[in-house]
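S.K.: Chain A is already provided as a structure; the job is to place chain B on it using the hints.
If you read the sequences in order, they're chains A and B. The opening residue of the first sequence carries number 12 in this note's numbering; numbering runs sequentially from there. The opening residue of the second sequence carries number 13 in this note's numbering; numbering runs sequentially from there.
Hint data in this document are derived by calculation from the structure and do not stem from the laboratory. It is possible that part of the hints are untrue.
Taking lysine-lysine and the PhoX-like style, the derived pairs with C-alpha atoms no more than 20 Å apart in a straight line are [stated by the list, open to error]:
id, chain 1, residue 1, chain 2, residue 2
1, A, Lys297, B, Lys174
2, A, Lys303, B, Lys174
3, A, Lys364, B, Lys65
4, B, Lys136, B, Lys78
5, A, Lys167, A, Lys449
Because the structure is a prediction, the values reported are computed rather than measured.
Letter by letter, the chains look like this.
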Amino acid sequence: MQTIMRKIILLLVFFSILLNLSAQQKYRVYFKDKAGVEFNPEAYFDQKAIDRRIKHDVSLYDPSDFPLNQNYVGQVREIADASGFESRWFNFVLVDVSNQKQLDDLRKLDCVAKIEQSIKVEILYTAETEFSDEYYDEELMKNQTERFGGSLLKEKELDGTGVRIAIFDGGFPEVNTHPSFTHIINQNRLVATWDFIKNKENVFYGNNHGRMTFACVGGFWKENNIGLATGAEYMLAKTEIGTEPFAEEEYWMAAAEWADKNGADIINSSLGYGHHRYFTNDMDGKTSLVVKAAHMAARKGILVVNSAGNEATDSWETIITPADGDSVLAVGGIDPDLDYHISFSSYGPTADKRMKPNVSAFGHVVTADKKGLKEVDGTSFSSPLTAGFAACILQHNPGFTNMDLFYELEKSGHLYPYFDYAHGYGVPQASYFLDADKKPIQQTFEFIEEDDKLIVRAILENYNNKNATNSNHLLYYNMEGEDGILESYYVVEVSQEVVLEFDRTEMDATPKTINVHFRGFSSHYKF
Amino acid sequence: MQLPKRSMYILEDSALIINFKDKKMHKVLFISILLLTSFCLSAQDVVFENEVKDYSQLDENGPNLKKFSHTYVTYGLNLGENIAGAKIHYGSSGFYEFGFRHKRKFSKVFSGGYGVSGRFSSFKLVQEAGKILPDASINKKETLSFYSIGGELYFRINFSKKRGNLIGLYMDLGGRADYNYHMLLQRKNKVGSVTFKSNSYGYDFDIPYNFGPLFRFGYNQFALTANYRYSDFFKSSANLPELPRLMLGIEISTFD
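Same shape as in the complex, but just chain A:
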């Protein structure tokens, strides 16, 4: 009996070790240079990509766009089991390796600078609340764009015309047949599609997530907008496996290079990578592969819009990469009924204490279901709503560079210059860009020093009707430390004149600044 047991244990140990050692692993093999390669930008880039480079003063002969040295790639292919994606931006080829000897042999090659293991990571999933095809909240659908000032955009005939948007997701089933996208398909504004997993054009299968995010950028249903950029051009990239929870960041990177080559102005990525691959201290905008790719896309003049993440109620809590990138517009979620933070939307700041998310949008929306519409939750939908809005603003201000657009979107936030780590600067507002006769902002509260107390008193007769929403009774305030980093932040429902009262003697002991925002007016008080 003991012999049998010994055999079983040995067998299990053997299989487990064998499973680990023999399994093919993917590695990124980086080359030292691109010596001797030739590059013709006119042949490689779409005209829109060339125009974007000229506008952003990016060289058409940037070495990061040059192809890989195929002699180097050939040497690697001879050793590895198989090779896949070649990254021009980072000068590596992705290969399959199944044993240590292959790795050692690759390292011995003169052309190889370094080798990194590619790790599988998890897609950001959104919690979905599904309703029947027939039922959806029309008021919610109207408000999800109106919160940005959608009717003002419509009045000015801004629908993202002339702007090219790339959407990265886990698949786009029914997009070619669903009525929400007919206006895009019929007008040939779906300019490119690519499945980076199977290396083919068809992306109309896989995870529903892509259909739902796409609709929030430019979908249209029975005379009503689902998203704002109904006149934009689109590129769809399937970068996630879809039916599995695992994916690889290289696909995101490959899609970013593809989007750049084909002239995308904006990337919407409702994807994020968190605890399966990283720790919270890696969310510093420098560590993950995907954030490096996002930065490179921004360097090429593309506005990268990414969902902040749905992690607030999990132990992770914070944003997920690439939303941690400083040139990535991270979008948090707000509750459509309450108009402040929706419970699951990830909190900032980044691990290196930068403000995130940058802006917010609805985290509960109406979007395209398999046939009709449905309501869903997630910052996955806040991001595309914002990307659609950004396209309309870029149409209105074609001279904006991607980072002009980034900063102007922040400035147009309904809370700006106030911010916190749940809302960023709030929901971007069309009125900031389009309202010619802006009224001066009236003071809506004041700080009153009374003995040892500091009172924040609301001036209720002054009403800055900047945003006709239910947020007009919400007062936002935060506590900022001497280092400029927030320590805590709050939203208060105001119904009386004396809103806040602080003990100054207590506050003076640890110098702080209190920043307050109420009805379009922001101010601060230093203790």
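M.R.: Okay, now just chain B, sitting in the frame of chain A:
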């Protein structure tokens, strides 16, 4: 720092002219103040608050952090070599286990820890000539069950070196000891159309303590488990053949 005070309300420029001698006015005033106070108490609310965390500092607790604890449930089968006189039905002889496990991380690859659990294990005895356990009687159905609590010590080798805050792919090697606090013999017989069932316990031929090695091979919340019982169930003086010693199970841990 103080949070907003909710009971303060400054009444200024009141248009009310109050006659304090009028009893009706007293009532109106009292009700008005009551209503106003209750409104103020409930109206000005902090609807959202958040203390900022330093995400550059890692917690101590987590699946791939310094310490980690979780509960788990296992279902499995009693397997191993059937011995003459104590043969069991494979497939229907199984066990359930509910437990708590703690892990300490030593390095990216190595960790270890302990666990405590409760287990219910049953053996469906084959009814055939030559049966010895617990006696030679042949019944329609006969089940010998053990209720136990146990503890384990294990050493873990992790194969997913580059991973985030998750368990990853691992192999555990360790040992386990159990205390059988209850042994139950259940018999079912049928005479004509009448079914007889009996539950018997209090036997003195079992050894309450068992021990043996354990093995687990898992990925995140899921694991295949193997336990082997080195020690005997029954006292040598009882001259009873032993029940199969191997237990193979599927474990599901309860954590995100």
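S.K.: Each hint should be assessed against the structure and marked as holding or not.
M.R.: Now for the hints, and whether the structure bears them out:
1. A:Lys297 - B:Lys174: holds, 17 Å
2. A:Lys303 - B:Lys174: Measuring from Cα to Cα gives roughly 18 Å; hence the hint holds.
3. A:Lys364 - B:Lys65: Answer holds: Lys364 (chain A) to Lys65 (chain B) is near 10 Å, not above 20 Å.
4. B:Lys136 - B:Lys78: violated, 43 Å
5. A:Lys167 - A:Lys449: Judged against 20 Å, a Cα distance of about 16 Å means the pair holds.
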